[in-house]
Amino acid sequence: MRKVMLAAAFVALAATTAQAQVQAKRFSVTTRVGTVTPERSSSLDMAGLVGLDTEYSLNKYFGTGVSVDVTRGNTHREDFVARLRYGNANAGGGDTVYYQYVGQPVNTIHIGAMGVARYPTKRITPFVMGGFGTYTMLLDTQINGKAAIKNSASYTVGGGVWIKFTERSGIQIDARQLTMRNFDRGFLDPTAGRNPNRVFPEDFPAVPASKSTAGNLMLSLGFRYIPGSAGGN
Amino acid sequence: MKPMHLAALTSVAITVAFAAACTEERAITTEPVGSLGFGQNLVKAQSNLPRGRVILPTTPIASATPATDSIIVELGGLDSLSGGNYVVWVGNDSATKFVRASGTLTVLRTDTTLNAQGDAVFSTSSTVVGTVNQFSTGGSNRLMRFATTRAAIGMPNADSANLVLVSVESGTPGAAPSVRRPLWVRRSQSAVVSGRLTGGVRFGNFNPRLSSEYVFATSTAANAVFGPAAFSAITVIIPRGRIEVRGAIYTVNDSNYYRPPVGYFYEAWTIRTDTLGRFIDTVSLGRKATPFPGRLSFYDADTQITDPQFMFGTPTPVIFASQHRVSADTIAGTVIKGTPWREFAFTYVTLQNKLSPTGRMGANAVMVVGNPSSVSFR
Numbered sequence: 000m001r002k003v004m005l006a007a008a009f010v011a012l013a014a015t016t017a018q019a020q021v022q023a024k025r026f027s028v029t030t031r032v033g034t035v036t037p038e039r040s041s042s043l044d045m046a047g048l049v050g051l052d053t054e055y056s057l058n059k060y061f062g063t064g065v066s067v068d069v070t071r072g073n074t075h076r077e078d079f080v081a082r083l084r085y086g087n088a089n090a091g092g093g094d095t096v097y098y099q100y101v102g103q104p105v106n107t108i109h110i111g112a113m114g115v116a117r118y119p120t121k122r123i124t125p126f127v128m129g130g131f132g133t134y135t136m137l138l139d140t141q142i143n144g145k146a147a148i149k150n151s152a153s154y155t156v157g158g159g160v161w162i163k164f165t166e167r168s169g170i171q172i173d174a175r176q177l178t179m180r181n182f183d184r185g186f187l188d189p190t191a192g193r194n195p196n197r198v199f200p201e202d203f204p205a206v207p208a209s210k211s212t213a214g215n216l217m218l219s220l221g222f223r224y225i226p227g228s229a230g231g232n
Numbered sequence: 000m001k002p003m004h005l006a007a008l009t010s011v012a013i014t015v016a017f018a019a020a021c022t023e024e025r026a027i028t029t030e031p032v033g034s035l036g037f038g039q040n041l042v043k044a045q046s047n048l049p050r051g052r053v054i055l056p057t058t059p060i061a062s063a064t065p066a067t068d069s070i071i072v073e074l075g076g077l078d079s080l081s082g083g084n085y086v087v088w089v090g091n092d093s094a095t096k097f098v099r100a101s102g103t104l105t106v107l108r109t110d111t112t113l114n115a116q117g118d119a120v121f122s123t124s125s126t127v128v129g130t131v132n133q134f135s136t137g138g139s140n141r142l143m144r145f146a147t148t149r150a151a152i153g154m155p156n157a158d159s160a161n162l163v164l165v166s167v168e169s170g171t172p173g174a175a176p177s178v179r180r181p182l183w184v185r186r187s188q189s190a191v192v193s194g195r196l197t198g199g200v201r202f203g204n205f206n207p208r209l210s211s212e213y214v215f216a217t218s219t220a221a222n223a224v225f226g227p228a229a230f231s232a233i234t235v236i237i238p239r240g241r242i243e244v245r246g247a248i249y250t251v252n253d254s255n256y257y258r259p260p261v262g263y264f265y266e267a268w269t270i271r272t273d274t275l276g277r278f279i280d281t282v283s284l285g286r287k288a289t290p291f292p293g294r295l296s297f298y299d300a301d302t303q304i305t306d307p308q309f310m311f312g313t314p315t316p317v318i319f320a321s322q323h324r325v326s327a328d329t330i331a332g333t334v335i336k337g338t339p340w341r342e343f344a345f346t347y348v349t350l351q352n353k354l355s356p357t358g359r360m361g362a363n364a365v366m367v368v369g370n371p372s373s374v375s376f377r
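Sequences listed follow chains S and A, in order.
Take the first sequence: its letter number 135 is residue 134 in numbering that gives the first Met the number 0, and every next letter is one higher.
Take the second sequence: its letter number 150 is residue 149 in numbering that gives the first Met the number 0, and every next letter is one higher.
Hints were generated in silico from the structure; no laboratory data involved.
Incorrect hints may appear among the rest.
[Said to hold, decoys possible] For each label pair, taking beta carbons as the anchor points, the in silico distance ranges come out as: (1) THR274(A) x THR140(S): 50 to 56 angstroms; (2) SER177(A) x ASN89(S): 40 to 46 angstroms; (3) GLY144(S) x SER210(A): 52 to 58 angstroms.
[What the hints assert, rightly or not] Here are some chain S residues pointing at chain A (derived, C-beta under 7 angstroms): (4) GLY92; (5) GLY93; (6) TYR97; (7) TYR154; (8) GLU201; (9) LEU216.
The beta carbon of each residue, even a glycine, is placed where N, CA and C say it ideally should be.
Extracted from the complex, chain S is given alone in its bound form (with noise of 0.2 angstroms):
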C-alpha cells in the first residue's frame, strides 16, 4: 500500500508540473559516482564507478549520447583457490600444501552508445534509456605474468530520474544493468588453473557456475549539466 501511495504521489507530482523542460537539438553532460554489482557467476566483487555522459537532445521526449564507465574491483577471491606446493611428493618428508584464496584488482571500462526517452516535468524528468557498446577488462600485468586484456561487446538497459536544480544543472539518480557479453571467468584467475583445489573442494566455499555473460548492476548519482548560454535540464 505504500508503495502504491508513492507512486501515485509521484505521478501526480509529474502531472501537476508536467511541462517540457529539455530543451531540443541542446547537449548535456554528466558526471556519474556509485556502484556496480557484478552478478555471483562472475566471481566479481561489488566495485565504485566513475562515469560520464554525453547526450543530444533530438527532441523533447528523446535524446542520443555517449556513455563511458570506469571501474575498479577485486574479483571474488574466494571462487579462486590455489594450492601452493612445497616439497618433493616422492621424498621421505613429503610435501606441504597452502592453501591460499587467490585474487586481483580488477580495471573495467565500458563505452557505449544510448538511445534516452523521458517524460519531462518541471522538476523531474523519469526517463529510461538503453544502449550498446564494448567493455575493456584490464588486468595487472605482474600478478598475471603478461599483459592481460580482454574486450568484448556489452549492452546496458536502464531508467532514472534527473532533479533539476538550476536551468543548466541537477541531478542525476539511475540505475543501470550491464551484460557483458562472452564474459569469461577464466580470464580472471591468476593461477590460469594450474593449481586447482581438487583434493579438499568441499573444505572451501561453492564456486557458482560459471556462464558466458555477466550481468552488473549500477547505482549512480550524477551531476548533470548542460553548457551553453541556455539552461536545462
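Using the hints provided, position chain A relative to the given structure of chain S.
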C-alpha cells in the same frame, strides 16, 4: 537545492564510492586459508595378493590307480572369511563339469620377529585342520595346503581333470562354482617342474575362454582397450596416487586401478605405530569412491560400472579417479595429543574380500606409503 548543498551531496557520493572501491584489502592478492596440507605419493606395492600353485595329475583322465592321482593346491594371500568359504573345484577344460573337492587342509603359519641384533627371525608352524570340503581360514602370514586325489573327490575316470578352480561361496555350494571364481589353474597353462605337472595360480575372474579370462594386475596393458588400437597398445595401467592430510581431514586421491575381481573391492587404511614402529591400530579410510561431488562408491565395481564418468574401458574397465576421505572428528582414537592423525605412519590401499570381516584390513596390499613425518611425527 542550493549550489552549496549540491556540492556537499556530490562530495559525499564521491567519498562513498571511493571508500567502496578502495578497501585496505585491495593490495592483497593472496590470502592463506585454513590448515596446511601434508602429503606423499603412494607407491605401488602389489604385495601378498592371492597366489599359489597347483600340482595336477600327469594325465587328464584317470590313471590306472586314481587313488594316486594327486591334486595339491597351495594358496597364499587369502583373507579369512566371516561370511563365506573357499571351495576347491576340479573341472574339465571347458568348465562344463565340476566336482567339488574335499581334501586334507594344512595351514602353515610364518611369524616374523626381530632379534636383539635387529635381524628378522622367521618361525614357521603348521596345523593339520583335517579333511574339509571348504574353509574360511586365511591371513597374510598363512599358506594353505589342500591335498586330495581323483579317487577321493569321486571324479569319474573318463572326465578330464584339466582345471582346478577355487571359488568363494556365500552359502551352501551348488553343483558348480558361484560367480566368484577368483583363483584357478589350467592344465594348458601348467608345466612339468621336478617331474610334477605344476601350474601357477591365476587371480582374477575365471572364464572358460582363455582369451576372456581376467587376470588381476596393477601394471599391465592386457585386457584393456581404450579407443583407438594404437592408443591401447601403449597404454599401461599403473595405479598411482597421493595421500594428503589437512587438519582433521585425511584423503587418499588415486587413480588407474583395474576393476577388482568379482567378490572384491578396494579400501584404504592408515596404521598407527608406536615409537618402535610396531602396528598398534588400524583405521579404515573408507572404500574407494568417485571424487567430489559424486562420492559414488566403487564397492560394486567388480560387477558394475558404478559411474561411467570415472570407470570405463573394455573388456576390463579401469577406475580412473577416486578418493577416500575421512575426518578425525568422526573417528575415535585418531586425535593423538591434540593433533589429528599423529602417530599414523602408514597408508595402505588393499583389495578386500566382500565376505571378509568388515572394518578389518585384509592381506592384499595394492598401494602403500609411509606417511610424511609432518603427519605422523615419526
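Now for the hints, and whether the structure bears them out:
1. At about 54 angstroms, the beta-carbon gap between THR274(A) and THR140(S) stays in the expected band of 50 to 56 angstroms.
2. Between SER177(A) and ASN89(S), the C-beta spacing of about 42 angstroms keeps the proposed range 40 to 46 angstroms intact.
3. A hinted range of 52 to 58 angstroms holds for the C-beta pair GLY144(S) and SER210(A), which are about 53 angstroms apart.
4. Against a cut-off of 7 angstroms between C-beta atoms, the interface hint on GLY92(S) holds, since the closest Cβ of chain A lies about 5 angstroms away.
5. Nearest Cβ of chain A to the Cβ of GLY93(S): about 3 angstroms, under the 7 angstroms cut. The hint holds.
6. Hint status for TYR97(S): holds, given a least beta-carbon distance of 6 angstroms to chain A, under 7 angstroms.
7. With a cut of 7 angstroms, the hint placing TYR154(S) at the interface with chain A is violated, because the nearest CB-to-CB distance is about 24 angstroms.
8. A cut of 7 angstroms between beta carbons decides the hint on GLU201(S): the least distance to chain A is about 5 angstroms, and the hint holds.
9. Interface hint at LEU216(S): violated, since its Cβ lies 14 angstroms from the closest Cβ of chain A, which is beyond the 7 angstroms cut-off.
In summary, the structure is inconsistent with hints 7, 9 from the numbered list given earlier, while agreeing with the others.
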